[in-house]
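Participant: Protein chains in written order, with numbering that gives the first Met the number 0: chain Y, 0 to 381; chain G, 0 to 254; chain A, 0 to 502.
Simulated from the structure, these hints should not be mistaken for lab results.
Any given hint might turn out to be false.
[As the list claims (entries may be wrong)] Here are the simulated lysine-lysine pairs, DSS-like style, with alpha carbons at most 27 Å apart: (1) Lys-347/A - Lys-251/G; (2) Lys-266/A - Lys-217/G; (3) Lys-266/A - Lys-280/Y.
[Claimed, not checked] Partial list, derived from the structure: chain Y residues whose beta carbon lies under 10 Å from chain A: (4) Glu-118; (5) Ser-122; (6) Glu-126; (7) Lys-256; (8) Thr-291; (9) Gly-294.
[Unchecked claim] Just a sample of chain Y residues kept apart from chain A, beta carbon distances all over 10 Å, derived: (10) Pro-100; (11) Pro-110; (12) Cys-176; (13) Glu-229; (14) Lys-280.
Think of the CB as a built atom: it goes at the ideal place given N, C-alpha and C, for glycine as much as any other residue.
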Amino acid sequence: MRLLSQVNNPYGDDKNIDGCALFGMINVEGTRFPFKDPIRAISNMRERGNGLGGGFAIYGIYPDHRELYAFHVMYLNRQAKRRVEKSLKEKFRVVLSEELPTKEAKVWNPPLIWRYFIEPNRSKVNEEKIAEDDYVVKNVMHINVSENGRALIFSSGKNMGVFKGVGYPEDIAEYFCLEEYEGYMWVCHSRYPTNTPGWWGGAHPFSLLDWAVAHNGELSSYGTNRRFLETYGYKCTMQTDTEVFTYAFDLLVRRHKIPLELVSKILTPPFWDEIDCMPQKQKQLLTALRQTYSGLLMNGPFSVIVAQQGQMIGLTDRIKLRPLTAGVKGDFLYLSSEEAAIRVVQPTLDKVWNLTGGEMVVGTVKAHAFVRLQLVTTLLGN
Amino acid sequence: MEDLTKNLEISNLKIGAVNIDAAEMCSFKLNALIRDLVKRGFKEFNLHNVSGQRYIGAGLSGNIVFKVHGIPGNDLGIFMNGPNMYVYGNVQDGCGNTMNDGLIVVYGNAGDVVGYSMRGGKIFIRGDVGYRAGIHMKGYRTAPALVIGGRAGDFLGEYMAGGVILLLGLDENAQREVKFAGTGMHGGVIYVRGEITHFGKGAKREKINENDLQLIHKLAKQFCALFNFDFDKVMEQEFIKIVPVSHRPYGKLYT
Amino acid sequence: MKTYHLPEYIVKRNVKRCNKCKLCIEQCTYGVHYYDEKEDCLLSRDEDCVNCQRCVVFCPKHAIIIKKNPLSYRKNYHWTNEAITTVKKQAETGSAILTGMGCDKPNLTYWDKLLLNASQVTNPSIDPLREPIEIRTYLGKKSKQVELALNGGEVVLETRLAPQLCLETPIMFAAMSYGAVSLNVHEALARAAVECGTYFNCGEGGLHPSLYRYEGHLIVQVASGRFGVHPEYLNAGAAIEIKIGQGAKPGIGGHLPGEKVGEEIAKMRMIPVGTDALSPAPHHDIYSIEDLKQLVYALKEATGYAKPVAVKIAAVHNVAAIASGIARSGADIIVIDGVRGATGAAPKVIRDNIGIPIEFALAVVDERLRNEGVRNEVSIVASGSIRSSADVVKAIALGADAVYIGTAALVAMGCTLCQRCYTGKCPWGIATADHEISKRLNPEDASRRLINLLNAWSIEIKEMLGGMGINSIESLRGNREQLRGIGLSESELKILNIKPAGE
């Protein structure tokens with residue numbers, strides 16, 4: 000039985016429908032900066048949200064524990080906490096556990112939120128003969144599915160963390176004491192759910208490992224995407240399109256090692272008519288991608304910011320039904336639903352443009368050791 | 000693509016005979032190699048150490064000769080359209096399946112459904128054949144032929160729509176007589192050396208006539224030449240023929 | 000023996016309108032109409048009328064209507080007129096009752112119990128008349144993963160794609176054999192397939208030499224009878240379909256009656272003129288699933304691995320498990336033919352009682368293949384009962400990649416579903432081998448009708464996709480969120496894995 004009042008989708012709708020504001024900024028030198036600019040920018044788009052969800056994914060916040068997975072976990076009650084901690088202890092070595100610092104703010108009905116720095120139980124990983132990341136994914140999914148809304152691991156990456164809940168983003172920032180954190184990349188989200196009361200777990204960004212996704216719009220291909228991903232072992236428990244993005248990036252980039260430029264050709268492929276006219280090699284490549292991953296074509300209106308360690312990616316749907324603006328100033332790349340939000344923190348930009356349909360913008364930290372795909376070209380400075 | 004031919008002993012380019020050691024070679028590789036060589040104009044193949052590789056000669060057309068040493072796998076010569084194939088060993092199931100033209104000569108026994116749906120060419124089996132040999136053989140103006148030296152399993156010539164089966168039964172010690180011969184046949188003819196008593200539904204026994212004898216002679220002579228049997232001795236015994244009761248067995252089944 | 004069964008139809012002629020032109024006599028292949036010289040009027044032998052509507056359409060004065068004979072036996076829900084008539088017929092002939100076309104029983108047509116979605120507010124619908132909507136579909140085995148390598152700065156595709164069929168609209172023409180239908184029908188289907196960028200399936204009776212020129216748009220069939228199967232034939236197909244079963248007659252073979260086997264058909268099927276052309280119930284080289292794999296690979300070997308191989312089965316009770324086996328057999332495409340799939344000839348008792356609806360079969364096969372992680376191994380083609388573009392869209396949303404249409408194509412060409420295909424006298428010139436009768440179907444005119452039909456359906460499909468906010472058909476495939484059930488029981492909804500309307 001689902002806990003109807005607490006889950007993301009109490010009415011069992013196909014998926015959550017929401018409108019939103021997105022903002023992200025990254026310093027490509029890897030220099031960390033505080034919350035001031037991101038908060039100002041996302042609050043500038045207050046009209047796009049309605050106070051029923053706000054959240055942040057911040058990268059580079061736990062340099063002292065950079066080798067450990069940082070789990071942020073929501074609990075509805077103490078029993079849930081006991082259960083989850085028991086299985087965490089079985090599957091992982093918990094190096095540090097603490098309640099996430101919070102303070103009084105205009106937020107609604109906050110759950111109990113704990114933070115754990117952990118590493119996988121090596122012998123168990125070896126036993127299962129899977130990659131460490133896959134081991135983490137598997138156990139996070141297992142706990143989230145079996146807890147069924149009573150507990151939720153909503154952040155599970157290394158040296159990054161997600162902070163989110165029901166409230167306007169600035170109130171969420173206050174609640175989680177974000178003034179205490181510094182990161183080289185901030186991805187922010189303000190939510191406008193059309194059909195569900197806010198639930199803390201349902202706020203964006205959605206995160207798995209160090210992937211974080213903030214999303215505006217709706218996927219009409221959700222049913223296809225979800226069933227396609229399920230054949231690759233992902234369990235879509237949240238019934239949000241955003242979750243689908245997270246898994247799609249995890250599958251394509253982490254597991255199948257597809258370069259990001261080509262990931263956009265899968266999620267938002269060129270039309271067949273265009274592919275038909277391409278030179279032979281390119282045509283073969285794009286045909287192969289589109290045929291193989293047809294279930295990952297993202298249809299319907301969306302703009303999305305996807306982040307992983309050292310990298311921020313912006314993408315819009317292929318017929319441009321949702322807005323996303325990119326701006327560059329010095330070492331900073333900005334992505335935002337509205338240009339005004341960028342201008343409010345950086346009035347003079349070296350470059351600013353609205354993404355075209357299906358365009359992907361990538362900002363990569365130059366010296367980042369953890370960037371998995373070296374061939375990704377940074378669009379900064381182009 | 001890897002050059003599959005690089006380790007081959009191509010013995011005599013003039014007559015185009017290629018020796019292929021099929022040991023440790025999977026069906027896919029062996030057939031790809033053969034197709035490749037055929038495309039390059041080779042016409043004669045000696046396949047050694049064949050062991051279960053399927054589909055040898057599948058769909059090949061033209062004047063090609065295979066000499067197969069060992070036990071080829073199922074569907075030997077399926078859809079074959081012309082080549083001659085000599086097998087120095089037993090063959091498994093589906094030999095000559097849906098064969099269009101050509102010749103298959105087996106110096107041993109054959110498994111089940113040999114000559115399934117063949118509509119051209121000839122198959123000679125020195126020894127015994129399994130169940131449902133010559134099933135659904137066809138023929139439009141051409142008459143495919145299946146000659147069996149030993150004995151046949153049940154349902155010989157089931158659904159036969161055309162062509163000729165000649166069952167010689169040369170193994171004097173054969174214990175078991177074929178049952179349900181010609182069941183459902185509605186065309187073609189089965190000749191049996193000696194006598195059988197059990198026919199399938201829709202088949203009947205008839206006396207042979209002069210035309211039949213001529214045909215039997217022709218096939219038996221070829222058989223004896225291939226496998227070194229004494230033709231006169233083979234022909235000493237009487238033959239019977241099995242033919243369909245009707246070309247329209249199901250004319251009254253439905254309304 | 001005096002016949003006790005009564006005419007099914009009554010021919011009503013408006014004598015005031017009738018100008019005695021006798022066109023009806025000419026048009027009726029069953030000899031129903033005749034001219035009575037003494038009375039100078041046209042009369043009819045009602046007992047021979049099959050209600051094909053040919054005379055009705057062609058009567059220049061619209062003087063004829065055909066009515067169902069009310070056959071006023073005492074009302075009985077259990078002993079229907081049909082049940083009584085069948086018993087009487089069988090008592091008189093001792094024969095199995097033969098019929099044509101698909102099951103006409105009032106079992107549920109689940110397509111009609113499925114409702115589609117459309118966007119409102121949260122998601123814009125897309126206007127197909129002005130913005131691109133893609134309905135191109137590729138059929139064939141897909142890789143599980145695309146492998147890439149880096150060569151200098153260039154990304155190189157390492158994955159070798161399996162051969163695919165490219166459909167510009169997700170609708171193909173189902174297998175109908177030469178013999179069951181006329182050469183003109185094949186010609187019309189072929190032309191329409193070329194024009195619409197899709198494929199026609201020549202069925203199990205071989206391919207007429209005049210049709211080899213359509214090889215880029217042809218699927219050749221290999222059935223248990225192996226009629227007309229030779230290397231040239233196999234190579235002519237853009238794909239090869241192994242026919243295991245047919246929705247109208249699962250588990251039984253078939254036969255083309257000897258009277259239809261004339262010179263041309265005999266040549267095509269490679270059998271003597273006038274013999275019954277028998278298709279055995281099983282393939283005699285397939286007695287088990289591993290044997291299917293053997294035939295799949297035999298066909299691939301014979302054609303150099305250049306084309307996809309499809310396997311067509313009838314939807315039977317354990318279709319999901321069977322499909323799972325087929326997906327692992329090396330086949331590239333699975334065709335599932337539902338219980339309402341049609342035929343040129345089948346015993347009525349088989350047609351009406353064996354198999355399950357395509358909607359259920361499709362739903363469980365797609366689900367099973369996904370659960371087992373082999374959905375990418377095969378494309379799924381749904382066949383049997385597709386009547387409209389809405390049925391196509393619903394089939395794809397349930398999980399099909401494409402559909403086959405047979406009956407719909409024949410109806411487009413004139414068929415009225417009189418169900419007498421097996422007589423070979425089809426007054427519309429479709430299901431006949433008779434040279435004269437088949438001239439009634441002009442391939443040019445018939446192909447135009449087919450092209451119009453596919454074009455119309457394609458537009459409608461795009462309209463429905465656009466309404467859902469989807470601009471490419473792959474985003475509809477298996478997208479059951481776009482479906483809701485109405486008037487279905489919980490277990491039916493569970494099998495279809497969809498929600499009820501309103502939820």
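Participant: The structure should be examined with respect to each hint, and the outcome stated for every one.
Facilitator: Now for the hints, and whether the structure bears them out:
1. Lys-347/A - Lys-251/G: Roughly 15 Å between the alpha carbons, so the hint for Lys-347/A and Lys-251/G holds.
2. Lys-266/A - Lys-217/G: holds, 26 Å
3. Lys-266/A - Lys-280/Y: violated, 45 Å
4. Glu-118: violated, 29 Å
5. Ser-122: Violated - the Cβ of Ser-122/Y stays beyond 10 Å from chain A, reaching only about 28 Å at its closest.
6. Glu-126: Result: violated, 22 Å to nearest chain A Cβ.
7. Lys-256: Because about 7 Å separates Lys-256/Y from the closest Cβ in chain A, which is inside the 10 Å limit, the hint holds.
8. Thr-291: With a minimum Cβ separation of about 5 Å from chain A (threshold 10 Å), the hint on Thr-291/Y holds.
9. Gly-294: holds, 7 Å
10. Pro-100: The claim stands: Pro-100/Y keeps its Cβ more than 10 Å from every Cβ of chain A (closest is about 36 Å).
11. Pro-110: holds, 27 Å
12. Cys-176: The claim holds: Cys-176/Y sits with its nearest Cβ about 34 Å from chain A, beyond 10 Å.
13. Glu-229: For Glu-229/Y, whose nearest Cβ neighbour in chain A is about 7 Å away, the distance does not exceed 10 Å, so it is violated.
14. Lys-280: Nearest chain A Cβ is 8 Å from Lys-280/Y, so the label is violated.
Comparing the model with each earlier hint shows violations of hints 3, 4, 5, 6, 13 and 14; every other hint is respected.
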